[in-house]
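Visitor: Residue numbers (our numbering), protein chains in the order written: chain A, 53 to 300; chain B, 53 to 300; chain C, 53 to 300; chain D, 53 to 300; chain E, 53 to 300.
Do not rely on the hints blindly, as some may be mistaken.
Any copy, or any two copies together, can satisfy a pair, since identical chains are not distinguished.
Below, simulated DSS-like cross-link-like pairs (lysine-lysine); rule was C-alpha separation at most 30 Å, straight line [to be verified]:
hint, residue 1, residue 2
1, 199, 59
2, 252, 234
3, 263, 134
4, 263, 171
5, 97, 171
6, 97, 199
7, 238, 281
8, 97, 134
9, 59, 134
10, 134, 281
11, 281, 242
12, 97, 59
For the record, the hints were derived by calculation from the structure and aren't laboratory data.
Here the structure is a predicted model, which is why all the values come from computation and not from measurement.
Listed below are the residues making up each chain.
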Amino acid sequence: MKNELFKNGRSLILAYDQGFEHGPVDFNELNVDPQYIFDIAIEGKYDALAVQSGIAKHYYHGENTRVPLIIKLNGKTRFDDKDPLSLKHCSVRYAASLGASAVGYTIYLGSLHEQTMFKEFASICEDAHNFGLSVICWMYPRGESIKDEFATDTLAYAARVAMELGADVVKLKYNGDVEATKWIVKSAGKAKVVIAGGNKVDESEFLNMTKDVISAGARGLAVGRNVWKSDRPLALSRELRRIIHNLK
Amino acid sequence: MKNELFKNGRSLILAYDQGFEHGPVDFNELNVDPQYIFDIAIEGKYDALAVQSGIAKHYYHGENTRVPLIIKLNGKTRFDDKDPLSLKHCSVRYAASLGASAVGYTIYLGSLHEQTMFKEFASICEDAHNFGLSVICWMYPRGESIKDEFATDTLAYAARVAMELGADVVKLKYNGDVEATKWIVKSAGKAKVVIAGGNKVDESEFLNMTKDVISAGARGLAVGRNVWKSDRPLALSRELRRIIHNLK
Amino acid sequence: MKNELFKNGRSLILAYDQGFEHGPVDFNELNVDPQYIFDIAIEGKYDALAVQSGIAKHYYHGENTRVPLIIKLNGKTRFDDKDPLSLKHCSVRYAASLGASAVGYTIYLGSLHEQTMFKEFASICEDAHNFGLSVICWMYPRGESIKDEFATDTLAYAARVAMELGADVVKLKYNGDVEATKWIVKSAGKAKVVIAGGNKVDESEFLNMTKDVISAGARGLAVGRNVWKSDRPLALSRELRRIIHNLK
Amino acid sequence: MKNELFKNGRSLILAYDQGFEHGPVDFNELNVDPQYIFDIAIEGKYDALAVQSGIAKHYYHGENTRVPLIIKLNGKTRFDDKDPLSLKHCSVRYAASLGASAVGYTIYLGSLHEQTMFKEFASICEDAHNFGLSVICWMYPRGESIKDEFATDTLAYAARVAMELGADVVKLKYNGDVEATKWIVKSAGKAKVVIAGGNKVDESEFLNMTKDVISAGARGLAVGRNVWKSDRPLALSRELRRIIHNLK
Amino acid sequence: MKNELFKNGRSLILAYDQGFEHGPVDFNELNVDPQYIFDIAIEGKYDALAVQSGIAKHYYHGENTRVPLIIKLNGKTRFDDKDPLSLKHCSVRYAASLGASAVGYTIYLGSLHEQTMFKEFASICEDAHNFGLSVICWMYPRGESIKDEFATDTLAYAARVAMELGADVVKLKYNGDVEATKWIVKSAGKAKVVIAGGNKVDESEFLNMTKDVISAGARGLAVGRNVWKSDRPLALSRELRRIIHNLK
């Protein structure tokens, strides 16, 4: 692994793939600019920043390389289907050549197209192994066959499948239940669970959630909107690091 | 072949792909942990342990390599279709590099997608030949065109197709009929038939089934839940070995 | 070509792909065993035996290599569609490495999937050329657009397409009309026509059919059930050789 | 280019792909034999003969190589769809190895599958460039979206797309309008337009059509049935050469 | 990059892919001839000319190479679908060998097939990187899920996705709103926005639009019909250069 994303087994990741997944409706005049995000990632001492390959190509040069990079290898727009499919559009080789320390890929567990994503993801794990990169699985249950994407059984299944396909890290949403999360973390075996930040919420609520998931055994957060939509992103980042990395 | 899975033509295989196929609902606090299963496989002197590639990547190191490994190259979740498709998500080359002695693949005979699985499976046989690995076919009749997956004709057909595609070993469910199983075993020709353990049942019932299938010419078992859901897995394993390997 | 399948332009081929296409329902305790068939092929002095790759892998060793082998590169089960598709599941390279003298492939002319099979078949012809193997096209009109698979026009079309795609030999069913068969043979140009044996019929009826098709210009038979379901397979084989190879 | 198909910018091509596209119903006892066609092509001094790869494989040897060969790389049967698809079944490399001077491919403009054919055709142009072969596009508007395949706009569009995809030559049907054909020829730019002979018609009618299309700027004909169904094919061929090559 | 398409960050591109996308109905006796367009491109001092690969093959020789070339790698006809798909039919390697300085590709954002186009486009970006070519994304929202292709949010999303996939340049339609265009340009980050010329309109209207989009931050135009359907294309080109390149 080129850069260690996890320090003492914990990681604080800044996620910035929302421009692709949701569109610039998530952005304002500041955070529409990828440079603004790189600045937060570096000054906020994030363990990694997750972006699409095009952002890596255009922005991951010079000073910006001070933050380790995770390149997302697939992505879809908000114009998606009830049973979503998100195809790999960037090779592990190209991600490595752009400077990535790790690669990410989203699987929609339960989608009619899950076999296609399993196949692409497992192949990414094999390729990443050869390039010495870590692999992070964005694991979201979705599709007609998923009654409740937040059911503990479903989240535990998601965690398990990611690990059995070879993920080093699995990124999941939090269902608000600490005990359930312990079981989900166990289901993931040696794959490390990180929790998605999700929609922008009140700062103290977000910090409490962070404490809860860490106490349940999660290894960190992959946070986006709660940080870069905040009017005090560096102060919040400091709080998050304190919780996740157990600083005084 | 790197490790001989069959000793004097018989084999006792521990199967642990249920986390992928069914989800962690099959598990408890003990058997959710792959290490617990590796411990049973080694102490129970299993001839092989069957897992997905991600479990091999995370757990097949050090002491754990004392049990020969079968890596399943495909898999699907319980969110499947009436006519299931399970695609290869791991190459034979990668399985070999992870230390596998054999590779496994599931074919759903009779599914609308059977041609796709025949093609992938036969190609796996060709690749495995070059890497000196054995190939085990999980052969399950399934889909709208299958009226009764336990009909003797259907199971004999399943056994035959696996052999004609190049399987070294074919794993089938047992339909409870010893005479029928003799014909099924004959239909498989030189491919060795092993019987799937299936749902957890009463221990003496399970041992009787084992005796029956061995008497019908099956070469062993691929057993999972009946062992690792047992509260005395090592004692049961010892009984199974005694029957299958004809020990005193 | 490694072994010449045709002697003085004629050939008597033993076909044993029914276990795959129909299932073991075609078999009895004797002919379910591939070794029984190899024995008939060798003692009956067949010019070739046609099997799937798995049978080649398991049985084409030692004495059995005395009969030249044709490996079928595709196959489907009886659980098929109105518009059947049968995909290549064995490469020409692998067939050659298993000892094949020739390769076979089935095209369902008129099926909605005929383009896929044309593409695979022509590519097989190109590959086989490089390995010095002959190519035999099992050519069966099938699908919603085929009103009568035994119409002379349809069989002549089948023969023609096989030749124009590069077949060395085309295997067709016989429609019982000697004059029609002459036209079908002409439509095949330099590709050699052999006739499929079909369902088990009365022995004298089968010998008469053989005389008829040879008189119409066919170059031989690819016979299965009529021989290996016979209770005197070697005597019948001797009669067939006498007719086809014009022996006294 | 191995052999120049065009002499002073004009070409007379003999087409013999009807056995594949229509079946032997187009043939009689004479012209069912590819050798009969090769004889006409050579004695009739055709600039090229167009056939499928299988005919090349079986017949393009010895004296027959005196006529330059065009190998059709795709083809479909008369059992086709309202929106036809014809897939490449022969590589440019294999066509070159069989002795082709040029390769042909049919695109059904307007078919639901046109993207697939555009992709295959343009790739053929790229490959043919590397082998020094010319590429001829059989361009036929077809499918639900085509109201009138003989509309001038539609034929001009067909000519244009062939050129923009890289065709050296585009083969079109004639809509009987000399002025329209001038516009169609202009739309093809530097790609040379040749006109398809079509159904067998009265000889003088056919010669008049030939004069008309040449006067409109077409570079020649690709003629089949009108020649090889004629009872005086060589005399007719002489007339066609006279018109096309402007001989006295 | 072989030739710099942007001078001081601005570019005036001549587009001539309408023969493929719309057919020769867009043309007259003059502009149907690609040479006429090359003459305008060179005499009008365009920074680049965009064409399909076949036009490059037939016309990009000698004097014509004085204008840098953009080769479009996909294209579809007007016979398209509500949810359009346009597949890559030319490799970056072949485009480079034909002399291209840049390659172009159209994505229909929101189409049911967008994943296929994302995958092809991102792979083109990776390949182009290796050949030192720029990549221009023709980005058109289209399909059932797109209510209004001119909505600012939609155009900003289009710009963003192109950049995140790796486009160097994104070509968009103009929705007539200068302030909206500023936001769209910001959403594209370091990818340069150029505006499509669109249908032929009144010359002064077109010049005003050009001034507006440049004032909003667009880097130039990709103009076709407004120039080559003009009866004074060189005079108009001079005006456009004056605005875009800020000449006196």
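Visitor: To test your reading of the hints: which numbers does this structure violate?
Guide: Those not satisfied are hints 1, 3, 4, 5, 6, 8, 9.
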